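Here the protein sequences line up with chains A and B, keeping their order.
In this text, residue positions in the first sequence follow this note's numbering: the first is 1, and each later residue adds one.
In this text, residue positions in the second sequence follow this note's numbering: the first is 1, and each later residue adds one.
Simulated from the structure, these hints should not be mistaken for laboratory data.
What you are looking at is a predicted structure, and each value in this text was computed from that prediction instead of being measured.
Check before you lean on any hint, since a few could be wrong.
Identical copies carry no separate label here, and so any pair may be met within one copy or between two of them.
[Stated by the list, open to error] Straight line, CA to CA, 27 Å or less: simulated DSS-like cross-link-like pairs of lysine-lysine: (1) 140 with 217; (2) 397 with 375; (3) 150 with 140; (4) 490 with 65; (5) 417 with 138; (6) 138 with 519; (7) 146 with 217; (8) 519 with 64; (9) 374 with 308; (10) 64 with 99; (11) 490 with 126; (12) 84 with 64; (13) 308 with 280; (14) 138 with 490.
There are 2 protein chains.
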Amino acid sequence: MFRTHTNGELSLKNLNEEVTLSGWVQTIRDKGFMIWIDLRDRYGITQLVFDEDRSSAELLEQAKKLGREFVIQISGKVIERTSKNPKIPTGEIEILVAKLTLLNASELPPFTIEDETDGGEEQRMKYRYLDIRRNPVKDKLIFRHKMAQKVRNYLSDKGFIEVETPVLIKSTPEGARDFVVPSRMNPGQFYALPQSPQTFKQLLMIGGIDRYFQIVKCFRDEDLRADRQPEFTQIDCEMAFVEQEDVLEIFEGMTASLIHEISGKETGKFPRMTYDEAMKRYGNDKPDIRFGMEFVELNELVKGKDFKIFDDAELVVGINVEGCAEYTRKQIDALIDWVKRPQIGASGMIWIKFQNDGVIASSVNKFYDEDSLKKITEKFGAKEGDLMLLMSGEANKVRTQLSALRMELGNQLGLRKGNEFSPLWVTDFPLLEWDEETGRYHAMHHPFTSPKPDDIHWLETDPGKARANAYDLVLNGNEIGGGSVRIYDKNLQSKMFQLLGFTQEEAEAQFGFLMNAFKYGAPPHAGLAFGFDRLVAILDGNEVIRDYIAFPKNNSGRDVMIDAPSHIADEQLDELHLSVHEKK
Amino acid sequence: MFRTHTNGELSLKNLNEEVTLSGWVQTIRDKGFMIWIDLRDRYGITQLVFDEDRSSAELLEQAKKLGREFVIQISGKVIERTSKNPKIPTGEIEILVAKLTLLNASELPPFTIEDETDGGEEQRMKYRYLDIRRNPVKDKLIFRHKMAQKVRNYLSDKGFIEVETPVLIKSTPEGARDFVVPSRMNPGQFYALPQSPQTFKQLLMIGGIDRYFQIVKCFRDEDLRADRQPEFTQIDCEMAFVEQEDVLEIFEGMTASLIHEISGKETGKFPRMTYDEAMKRYGNDKPDIRFGMEFVELNELVKGKDFKIFDDAELVVGINVEGCAEYTRKQIDALIDWVKRPQIGASGMIWIKFQNDGVIASSVNKFYDEDSLKKITEKFGAKEGDLMLLMSGEANKVRTQLSALRMELGNQLGLRKGNEFSPLWVTDFPLLEWDEETGRYHAMHHPFTSPKPDDIHWLETDPGKARANAYDLVLNGNEIGGGSVRIYDKNLQSKMFQLLGFTQEEAEAQFGFLMNAFKYGAPPHAGLAFGFDRLVAILDGNEVIRDYIAFPKNNSGRDVMIDAPSHIADEQLDELHLSVHEKK
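The shape of chain A in the complex, shown without the other chains (with noise of 0.2 Å):
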């Protein structure tokens, strides 16, 4: 046996108790006459005596030989310390060691095993195996976990069915971002992985199993940006007989429980708003409400002035900074400067300070007069020692940049707690968007969302009005989880294939399979996606989804770890009858 307690939970309790411990040496401290180690496992650390007076000199000397990460096993007897540590459940106690076993030794890791560590990301990701021991990364593996257990548990109890979809499915018109997969029984012939369980889902209600989950794995082969995987987890979800209501109410309860189970708070009932809303009070679809500073328009107010920047901008909106008005003139410029950067394309900012002592100072003096000013801080409801900043230009872009800068000032002035939670519902999404590029309207959400009935006759006249029965669900400024009302009638799938500039053979040839479930019966039904590791993440007080993958791929879709992917062998393509050439 190699142990008889792990190392986190030996206290004053077991005094005396003879005892077996292993795991990995942490430290060493040697005195010469004296050495404590500090042996780690999963569970904890225990302090490890060896001396002079109560030790043999063998053994004391094999203690020497130790070096950090060897992995012992140890007996002796529990006793109590002197010096005690009450960070640690077993800070009171140590060990007397009678009997050391090197189990293995281990050479000097390429960075300490610490909860803050010398390793840089690129070695850490290399030798991933030793950044798990670290307590930070070990942590959040076992995060993930427990949430995943009462992410099923919740379902379960609630009459859902987890049942495991294909991975090797067809390719889809997407199909520039899925992974295809080579099939030797059938040369010629790709699988694809699936970039969701979408159409298999609604076939599972068309089958009759009413509500489905799964927690699962995805893929999508594009281009990474920082913070995407290839390879990503989901909790899909499906409901039959269902509208929209009850599948915000079901996932409410759901992230509620989470949260609860986090931070023991209730959340209460979530907020909800229109995507319409979401875009006017933040310029964006998934506005972080932990904090306020809400956009203002102020077409009304600022127009007309001569200032002809603002005459000329389609909207002029801006937010109330507050408590910031003492702000220099350094740290408005770093705004300024902020703004301007490529990323946010702002031309500039106006700023109006509603001043400690009752004076409106402004960088538009020239054009507006101290009750124009006065008009525009009432209406941002601004007080004594705010900061107003003012954006303007096309409506869409402004709103983007605006909330850029938001987000930004969230940061900077510490709004965005970690361990504060604020869920909200944002519903109403358009249904289709047009895509400059390709001319034509392209699915917001995916071509299986249902319009909202009192929309259908946009879809004749003029798609784009057309509003879905789409909804996400938005935490802290994260979209955390997506879903749709399905379309369940075979005509209007039609329809939304033709819209979405498939031809019939297309459509066909795609979703045949699921155009055909249609005609037997389908139920109404409507779903919904969580981003499972974004939403681990973001329950963490995190938002690095990295960091909660075991094995993550860096920006280049590679495992440094395994040094995957690679090439393979001649005679394996050659069975595939596939060849490797250069890019015409």
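The hints should help you fit chain B onto chain A, whose structure is shown.
Leaving out everything else, chain B in the frame of chain A:
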């Protein structure tokens, strides 16, 4: 709202309530003046009634237009049935319908949606979503879900962490069986889909995760035998600082708890048997011990009596088929024909009957006198009424043949009862097996399996003799799980790769990351993986794993419902720098 209740929950308790139900039309009985409809959903069936006296003419007309599998919503009052159906929970009530809404029509389904369907395998797979509406299929998916939940909760309670390992990994030496995935971002390079997360779970142990599990999809691109799937699901587990005994104890507990959940029965301690013993007693490393018919070796008793077939044989071995002495000549000939089939390949079989009248008859009376036959009978422990069947030949072959016969007789005699569970650990497997074809050793389990410490010396002198710390969990004659204590010493691991014919470069290229990890303090570890699809099937008293997969593939690896794999666009191939060619 589509429904106030499901179709499985209304009873006399709900009498006179106004309810709304939704579902599929299972059956319509139209008596002209009265119409009964069975309305079905996942939860059950509720009878609807329309009649001339109590329903409007329009409503009756509407109901008459419905067909099988139409999706409808109804509202009405719960009333007591005149003729009750005690077989279903809702059998005492029916709904007097006041309002009927057609949610979706259905074409006539290609097969009947009944427990016993008229649909053939191929039709059912093509329209799998209709097949899933049938109780036997739906119930199997629900059963699978429940088992997965039970496993997850059991292991979580024991401190196991579910960690998701990557699906896009690196191709391994058993590469011929890997599905590969071309990478668009890394042209000419491929990921592979995992045949199991073996190396990753070992890295998690090196990473200190201590107790890991995962219910995870695995992939194998090999010619599919009946009931093999290119993608299948494992319960994958690994533990650190454990010996074989610890692993057996945990997973025995888990399996026992699943069996208890299903059958209410306690299994008691699982019996154990070494590989050698299993081969000797049952001719098989996964014996079904729900019934006896153990092998009896007869060399001592039967040789030297001038019966050339036995004299020439390496092994003469038989089974006692209790109570079958009255088998007719025709019945026995059928068994002889059965073992002579090419799949079994026996050259013949000898029978001995211990008749009910005390006489011992046999097909070898010419060679064996009464006394000899009596001794043989005694060796079998046979009693009056028993039939003994003897086979002979090369030891390994004849054991395999007789084992097949034993199983066939088990089936014929109804000894393999679906609701009876007989688990068994088989231990001490050989470490290596010699492959005549390639002229070298193959790992019987996998290259990471530890030899028994006592047997390590054989690696130098006679590797074939080394036994492994490997174990299988057998249930009702099926291997449901298998695992081993792993090598955690880098020198021993190198030695193993060498024995398996890897050059150092090959070992480095394929497993360098694991060998490297062994340098940094690898703990002792061991694990096990269950074939989840098979486990679920067997626990449900079935053996056809395909039935427990929502969307299975056929024997050519095709999903006939979605028609995958399929051809992909040239542009897509081009993006991957690939071209398809005829086999060279």
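- Item | List of violated hint numbers, smallest to largest | When the structure is compared with the hints, none of them turns out to be violated.
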